[in-house]
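Asker: Sequence:
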Amino acid sequence: MNLLAEIRQCFAPALESLGVQPADYLGMIRPAQDKKFGDYQVNFAMGLAKALGKAPREIAGSLVETTNLSGLCSQVEIAGPGFINLRIDDEFLRTALTTAVSDDRLGVAASSNPLTIVIDYSSPNVAKPMHVGHIRSTVIGDALARIARFVGHHVISDNHLGDWGTQFGMIIYGYKHFRDQAAYRANPVQHLGDLYRRVRQLGDYHSACSKAPQLAQQIEQLKVQFAQMKSAPEPEDKGERKQKAKEIQRLEKKLDELNEELAALRQKISAIENVAELKQLADEHARINQSVLEETAKLHAGDADNLAMWREFLPSCMDDINSIYKRLDVGFDQVLGESFYHDQLQAVVDDLKNKGMAEVSDGAMCVFLDNFETPMLIQKSDGAFLYATTDLATIKYRVETWSPDIVLYVVDHRQQEHFDKLFAVAARWGYATQDFRHVSFGTVLGEDGRPFKTRSGDTVGLAGLLDEAERKAKGVLIAMQKDSSELVDEAEIERIAQIVGIGALKFADLSQHRSSDYTFSYDKMLELKGFTATYAQYLYARVQGIYRRDNIDPASFRTQPKPFLFEHPLERELGIMILQVSETLDEVLVDYRPNLLAQYLFELTQTFFKFYDQCPVLTADSEKLKASRLQLCDLAARTIRLGLGLLGIGVVDKM
RNA sequence: GCGUCCGUAGCUCAAUGGAUAGAGCAUCGGUCUUCGGAACCGAGGGUUGCAGGUUCGAGUCCUGCCGGGCGCGCCA
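Residue numbers (the working numbering): 1 to 655.
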């Protein structure tokens, strides 16, 4: 039962009779912001008043008169400037709750308009270790896929792996020059990772060596400029003085930035030069960066040796990634990486060329677009393709293969301009009816508040983060068990710690608005109280505890529901909140915002614990009341299980 | 420089243009021989960066400024 949808439906005829498009206004019916106003509020009378030239309260009155809410709402009030406050009829609530108790879907109807939705998420670079920067796309994308699927859409989740890029050139180079056959045999995943890091380190060293002097020179120039600016006489004009101060500030900041960059380069240099063996290696591989690109080019050109190595390495790299997915309980319907599209790229370029959309500029094949200063490059001057080319080929493939209505790209916001261009090209190319959407999210920042740099070497590995989450949850669990009667064995603690720890981690991410930057903090990500998954999981465990205590089999009332009673205001409040899961899921999909579901689950849990504090369940005054309250507990717990499950988070019977 | 996103309580964050801007954490105080204290109740804490504008109504929309993140042709 979707209460909000029911109410909206009721108001449509009245709006139509006023001569306006109901769709423009029905969205303004919302859950009441403050419970004292009722359950739902209608906010469009004020807006309509202007358009129709009547007093808002008068409009509200006529809307109420011509709208049939009987059976649905027991109380309709016009308040303030023209709000219409609605209170759902208790009997209607009881019926809806009774239906929910006996329904596996808790009364949530499947969408009457199922769409085909492709969701592209996670998409890590194979062969590079996954780090915390990958968690957002993975966790948000997975949650959206689960939610959309539950709501009734046909979802195709697709992991667009970076499995065809320079990183394989690096591994191939490393394998050819640095491999330790025994170590490789013993643990291919780890050894390939080592080879990657070694090549990376040497390559970075050489880049740093060539960049550092230029950078140092640039800094010297800036310093001179800065000194001149500072010693120049103060302008008399106030505006110019301000301008000057600003310019000085800007230069200072720029200097700081460059100095920091230089320090990072020098660190990379000294890391090599301080170790004689490394220095020797670096000297022996002076052309390493060019060679890596050559190995990559050979792979792309179909070189038999490199292709064979790629085929050999890929499964090992995937093992690493899949173990993370397994721990996160994340899956995909399709895993079509960049390599899958490799042989379709030339055709894409040719097609765009033939259609007059692409032209050569400065040696590179470009698609120029209105409203964009820079073109989209689809082929480099050396003939190599770019990720834009792959993205276009991917669009073509997805549309031709799955005919999606919507294609979501769960990718961080730094790529916004890329997607703006990509979608613009796609539309001109003939894919204009699909709703391509960049579901962007904020950058993962370090605890110092600065963006997490992929190249900064000391990133937190994702595997280590998961370990830490589970370790901390286990510590809390063991501490809790000391004075609890509900003892559980060692293996059980391990299992529970996993679900609680990973759940906390995921929830920390999903509970935040996806567009805001994500400040990485162990404390925050592993928090186990307050606005967390743990709090909601605790609700579930407590309800299971009630069943255990009184040997209750919930199946008994799920098949034969008893009447719901509202003797305490919190029983009714909890009942409404339970039913609102349906409208919450719809809300999530309007703008692809899982945090709305997280917020809902938290509020539901808060309401439950208030209810539970004030309404005795097992010791209720009558059997009828006990039965009713047990059903509320059951519904609350099942709603939490469903909602957390849709966020990719599990529940446990004891914790 | 151009583009784009952001600025809300001490901290971390909420709030499709709606009524008195809300949570969590932290702090302080209460509930307690408990239906498993990972709980419940209460208190303090705000000129929503600044200044204008639009409107019946602005944290939200528009303009300008201040401060910050990110991006800006052959990386992905």
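Watch out, some of these pointers could steer you wrong.
In silico DMTMM-like cross-links for lysine to aspartate or glutamate, where the CA-CA straight-line distance does not exceed 20 Å [claimed, not checked]:
| hint | residue 1 | residue 2 |
| --- | --- | --- |
| 1 | K654 | E490 |
| 2 | K396 | D382 |
| 3 | K562 | E490 |
| 4 | K223 | E260 |
| 5 | K562 | E91 |
| 6 | K35 | D89 |
| 7 | K211 | E240 |
Here are the simulated distance ranges between beta carbons [said to hold, decoys possible]:
| hint | residue 1 | residue 2 | range |
| --- | --- | --- | --- |
| 8 | T98 | Q344 | 50 to 58 Å |
| 9 | L222 | M480 | 52 to 60 Å |
| 10 | S323 | K529 | 39 to 47 Å |
| 11 | S622 | D586 | 22 to 30 Å |
Hints are computed from structural coordinates only; laboratory data are not their basis.
The beta carbon of each residue, even a glycine, is placed where N, CA and C say it ideally should be.
Asker: Please go over all the hints and tell whether each is borne out by the structure.
Answerer: The hints, checked one at a time:
| no. | hint | in the structure |
| --- | --- | --- |
| 1 | K654 - E490 | holds (13 Å) |
| 2 | K396 - D382 | violated (24 Å) |
| 3 | K562 - E490 | violated (39 Å) |
| 4 | K223 - E260 | holds (15 Å) |
| 5 | K562 - E91 | holds (14 Å) |
| 6 | K35 - D89 | holds (15 Å) |
| 7 | K211 - E240 | violated (36 Å) |
| 8 | T98 - Q344: 50 to 58 Å | holds (55 Å) |
| 9 | L222 - M480: 52 to 60 Å | holds (57 Å) |
| 10 | S323 - K529: 39 to 47 Å | violated (30 Å) |
| 11 | S622 - D586: 22 to 30 Å | violated (37 Å) |
Violation of the numbered hints given earlier is confined to hints 2, 3, 7, 10 and 11; the remaining hints are satisfied by the structure.
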